Amino acid sequence: MFYREAGQFRTSYGQDGQIFPLRQDRWAMLALLAAAVLVVPMVASDYWLRALLIPWLIFSLVALGQNILTGYAGQLSLGSAGFMAVGAFACYNFMLRVDGMPFLVALVLSGLCAAAVGMAFGLPSLRIRGLYLAVATLAAQFFIVWALDKFGWFKNNDPSGVITAQPIVILGMGFNTPQEKYLLVLGIVVVLALLAKNMARGATGRAWMAVRDMDVAAEVMGLPLMRTKLQAFAISSFYCGVGGALFAFAYLGTVEPSAFTIDMSFRILFMIIIGGVGTILGSFLGAGFILLLPIFLSVLFHAVAGKTVDASITSAVELIVFGALIIVFLIVEPHGLARLWQLTKERLRLWPFPH
Amino acid sequence: MFDDGISRSLRGLVAAVAVAAATLVPALAQAQGKEQYFGIPSYRVGPFAAGGTGFFGGIIDYLQYVNMKEGGVNGVQMVWAECETEYNAARGVECYQRLLKKGDLQMHIFEPLATPIAYGVLNRVDDDKVVLTQYGYGRSDAADGRVFPWVFSTMTSYWSQASAILNWISTKEGGIDKMKGKKIAHLHLDSAFGREPLPVLRRLAKDWGFELIEIPVAAPGIEQQAQWLRIRQERADWVISWGFGAGMNSTAINSAARINFPREKMVGVWWAGSEEDVLPAGDAAKGYFAAANVPSGKQFPLVQDIEKVVYGAGKGNLSDPKRIGNIYWNRGVTAGIFWVEAVRNGQRIANKRGQMLNGDEMRLGFEALNLTPARLKELGIEGMLPSFKLSCADHEGAGVVKIIQWDGAKWNSVTPDWVSSDRKMIREMVEESAAKYAAEQKITPRKC
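Protein chains in written order, with my numbering: chain A, 1 to 355; chain B, 1 to 448.
Simulated from the structure, these hints should not be mistaken for laboratory data. Keep in mind the model is a prediction, meaning the values are calculated, not measured. Glycine included, every Cβ here is placed at the ideal spot set by N, Cα and C. One or more of the hints may lead you astray.
Chain A side only, calculated, beta carbon under 10 Å to chain B, not exhaustive [as the list claims (entries may be wrong)]:
#1 Glu5
#2 Gln8
#3 Ser12
#4 Phe143
#5 Gln166
#6 Gly172
#7 Phe175
#8 Asn176
#9 Gln179
#10 Ala259
#11 Phe301
Simulated restraints, written as ranges between beta carbons of each label pair [claimed, not checked]:
#12 A/Val43 to B/Pro321: 30 to 40 Å
#13 A/Ile326 to B/Ile443: 17 to 27 Å
#14 B/Met425 to A/Gly100: 48 to 58 Å
#15 B/Asn254 to A/Val43: 28 to 38 Å
#16 A/Thr177 to B/Glu70: 51 to 61 Å
#17 B/Gln441 to A/Asp263: 25 to 35 Å
#18 B/Asn260 to A/Val169: 30 to 40 Å
#19 A/Val43 to B/Asn412: 37 to 47 Å
Reference listing, derived: stretches of chain A covered by chain B, where coverage requires no fewer than 3 residues with Cβ under 8 Å from a Cβ of chain B [to be verified]:
#20 70-81
#21 130-137
#22 202-208
#23 337-348
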């Protein structure tokens with residue numbers, strides 16, 4: 001009904017290798033992007049842009065980075081917030097110390113800084129796996145935040161120990177309003193997500209997945225383990241670093257190193273577990289679930305209970321409901337929201353004649 | 001079967017109507033008359049909930065009190081909406097945005113009582129015309145109103161507090177000249193909050209000749225064995241406990257007891273000086289000092305009146321009325337006083353008696369905050385707040401603390417007068433730091 005594929009033939013390799021082989025999917029994606037670029041900035045209020053959409057896009061990007069490393073390459077990491085911190089502080093320092101530094105260049109450079117740090121902390125992955133690796137990357141999380149905290153140079157010796165992001169100016173155009181910041185973040189996220197999707201389904205991604213599924217077998221087949229693993233660490237950290245820089249520059253504005261806590265790393269890991277390990281879509285869905293659902297619950301409870309119920313009770317109930325929902329979703333679909341969407345889509349393709 | 005269906009759908013209808021009525025009734029009640037709207041970014045869950053429920057409960061109780069006792073400010077009712085921040089920067093920013101507008105009403109004052117949240121909205125308040133009042137926390141250099149027109153470090157910043165604590169310690173030691181060679185440990189949470197007073201402490205260590213031992217504690221601060229071992233090894237004369245959260249503060253006190261460090265030589269920052277911070281430590285806390293921006297107790301006429309008027313009518317916000325008069329709640333009440341005084345001033349300055357204020361007028365009203373001794377008496381809070389006034393250039397005002405001591409059951413003021421900081425030195429540092437911030441952010445300081 002919704003997916004009438006009759007008449008859609010792929011006659012060339014190019015067509016066969018498209019990201020969305022179905023015409024309906026392509027149109028839907030284009031419509032979604034067009035709506036995100038044209039309609040959302042016109043319709044969405046400042047609250048939606050500044051409090052929901054911008055952080056959601058940023059965390060989707062970071063979750064994407066985590067997913068590349070954990071979901072595709074199978075390296076369990078708990079350092080993503082630390083790599084975000086590297087990106088945020090690197091971007092601040094590039095903008096501060098290099099005269100006339102264009103923001104986008106600083107953003108890429110900060111991503112590269114995070115990638116370098118990520119590779120350094122990825123070295124243990126050559127010898128250890130699984131939970132043990134998670135513990136090793138935990139060191140990255142603590143060490144990075146500690147180092148940023150400890151050495152005043154990173155923060156330009158601010159007495160409060162915080163950085164205040166400089167205004168974003170690209171080619172003489174300032175990105176100050178929520179709409180402008182949203183479009184900037186959206187653009188960066190779309191480009192990087194597209195890159196990630198192509199990496200994931202190309203030779204790079206296949207190598208990652210081979211390593212994930214069985215690294216000894218991958219090595220026997222001639223995949224260089226060291227290069228593949230470190231590449232995954234570098235690319236993943238690059239995404240986290242860019243996300244961290246956007247977190248500081250397009251979202252919060254003023255950040256302290258301790259904003260990038262272990263708690264945040266765990267949240268990012270939960271995002272991909274809930275969203276779907278080893279999927280691009282899952283990063284977006286998971287970020288939405290972890291980030292937006294508590295807010296939605298809080299708004300809902302305030303609207304329903306309002307002043308009639310003690311605010312302490314509604315706040316506690318929100319947490320309980322959120323926790324329960326996590327459990328429910330993991331029981332219903334352990335492979336995450338992306339898998340749920342995939343199953344729905346497969347059913348839609350057959351519907352209304354499933355046999 | 002059929003009946004069942006009807007009754008079920010009827011029941012659903014009744015429930016829906018009840019929910020709709022519950023949401024509509026307060027809205028209708030508020031719709032009459034003029035209102036000044038406030039956003040309350042409270043935290044009632046999580047590790048800091050004890051402070052959050054007390055402080056924000058105090059604000060709400062005072063606003064309620066003004067409504068019930070005086071019918072609002074010149075007939076303008078105080079209304080508010082609450083949002084749960086969990087003491088988390090991202091949630092706090094979301095709350096800020098959510099609270100910013102409520103129907104036609106606009107929020108003009110934001111008081112998150114959380115340094116990370118204050119930093120998260122710091123860059124937004126100018127555009128949104130919201131007064132950010134960091135009541136005893138946050139950026140100390142916000143005291144320079146020329147660089148930070150919308151941000152206040154009301155009453156006493158961390159820098160002033162650190163300086164005042166050291167002033168008090170020096171009087172206990174018998175003068176500044178006696179401080180030479182003394183060892184003072186700064187036991188602090190390893191965060192921006194914990195490091196904020198370091199510039200002041202380091203400078204005074206140099207000027208006075210005492211040795212400063214900086215001892216960070218990793219968040220959440222409940223693991224302090226190594227730190228106290230070091231305090232014992234260094235034979236510190238005093239410990240300044242710059243902790244946050246009941247867990248960290250009671251751990252500090254218990255650890256001090258374990259190594260037999262005299263509690264009478266410990267001074268907590270005001271976050272480490274509430275009932276909730278010392279009660280878990282039990283008897284170990286006896287003799288422990290803390291700096292307070294607002295003393296505890298019910299001896300103030302206003303506190304008694306709130307208990308009578310608001311709690312007497314069953315409209316109090318604290319679920320446990322025994323907490324009336326606690327440090328956090330008292331502090332919340334005084335924050336409420338600042339807000340309402342700002343509304344009064346704003347109405348006077350803008351010549352809008354009995355009308356709603358906009359953001360600019362609220363800012364002017366807050367900047368005109370002037371608590372003279374006569375005004376404090378009128379409000380019934382003599383001794384609860386120091387007498388101070390804010391101005392265009394000075395967004396801090398007082399820079400004083402009271403030193404209080406825990407006797408095992410309650411906090412007692414050991415300094416009946418307020419202990420002042422080194423105002424001149426702090427102001428110098430504030431202006432220097434603010435100028436640096438202005439240069440970095442390309443802000444032209446306004447003239448005052």
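Taking the hints in turn, this is what the structure says about them:
1. Restraint check, A/Glu5 versus chain B: the minimum CB separation of about 41 Å is more than 10 Å; hint violated.
2. Taken as an interface hint, A/Gln8 does not check out: its beta carbon lies about 43 Å from the nearest beta carbon of chain B, beyond 10 Å.
3. The interface hint given for A/Ser12 is broken, as the beta carbon of that residue sits about 47 Å from the closest beta carbon of chain B, more than 10 Å.
4. Given the 10 Å rule on beta carbons, the hint for A/Phe143 is violated: about 12 Å separates it from the nearest Cβ of chain B.
5. With 10 Å as the threshold, the beta carbon of A/Gln166 comes within range of chain B, its nearest partner Cβ sitting at about 7 Å, so the hint holds.
6. About 15 Å separates the beta-carbon of A/Gly172 from the nearest beta-carbon of chain B, more than 10 Å, and the hint is not met.
7. Look at A/Phe175: its Cβ only gets to about 13 Å from chain B, farther than 10 Å, so that hint breaks.
8. Interface restraint check: A/Asn176 against chain B, minimum CB-CB distance 8 Å, threshold 10 Å, status holds.
9. Taking 10 Å as the C-beta contact cut-off toward chain B, the hint placing A/Gln179 at the interface is violated, the least distance being around 13 Å.
10. Among the interface hints, the one on A/Ala259 holds; its C-beta lies about 6 Å from the nearest C-beta in chain B, closer than the 10 Å criterion.
11. Hint status for A/Phe301: holds, given a least beta-carbon distance of 9 Å to chain B, under 10 Å.
12. Range check, A/Val43 to B/Pro321: Cβ separation about 46 Å, and the 30 to 40 Å hint is violated.
13. Roughly 44 Å separates the CB atoms of A/Ile326 and B/Ile443, a value that falls outside the hinted 17 to 27 Å.
14. The beta-carbon spacing between B/Met425 and A/Gly100, approximately 38 Å, falls outside the hinted interval of 48 to 58 Å.
15. Between B/Asn254 and A/Val43 the C-beta distance comes to about 55 Å, which lies outside the given range of 28 to 38 Å.
16. Evaluation of the 51 to 61 Å hint for A/Thr177 and B/Glu70 yields a failure: the beta carbon distance comes to about 41 Å.
17. Distance hint check: the CB atoms of B/Gln441 and A/Asp263 are about 29 Å apart, consistent with the given range 25 to 35 Å.
18. Between B/Asn260 and A/Val169, the C-beta spacing of about 59 Å breaks the proposed range 30 to 40 Å.
19. For A/Val43 and B/Asn412, the Cβ-Cβ distance of about 58 Å falls outside the hinted range of 37 to 47 Å, so the restraint is violated.
20. Proximity of the stretch 70-81 of chain A to chain B, defined as three or more residues with a beta carbon under 8 Å from a beta carbon of that chain, is not established by the 0 residues found.
21. Look at the stretch 130-137 of chain A against chain B: 0 of its residues bring a Cβ nearer than 8 Å to a Cβ of that chain, fewer than three, so the hint is violated.
22. Counting residues of the stretch 202-208 of chain A whose C-beta sits closer than 8 Å to any C-beta of chain B gives 0, which falls short of three, so the coverage hint is violated.
23. A count of 0 residues in the stretch 337-348 of chain A with a Cβ less than 8 Å from any Cβ of chain B is obtained; the coverage claim is therefore unmet, three being the minimum.
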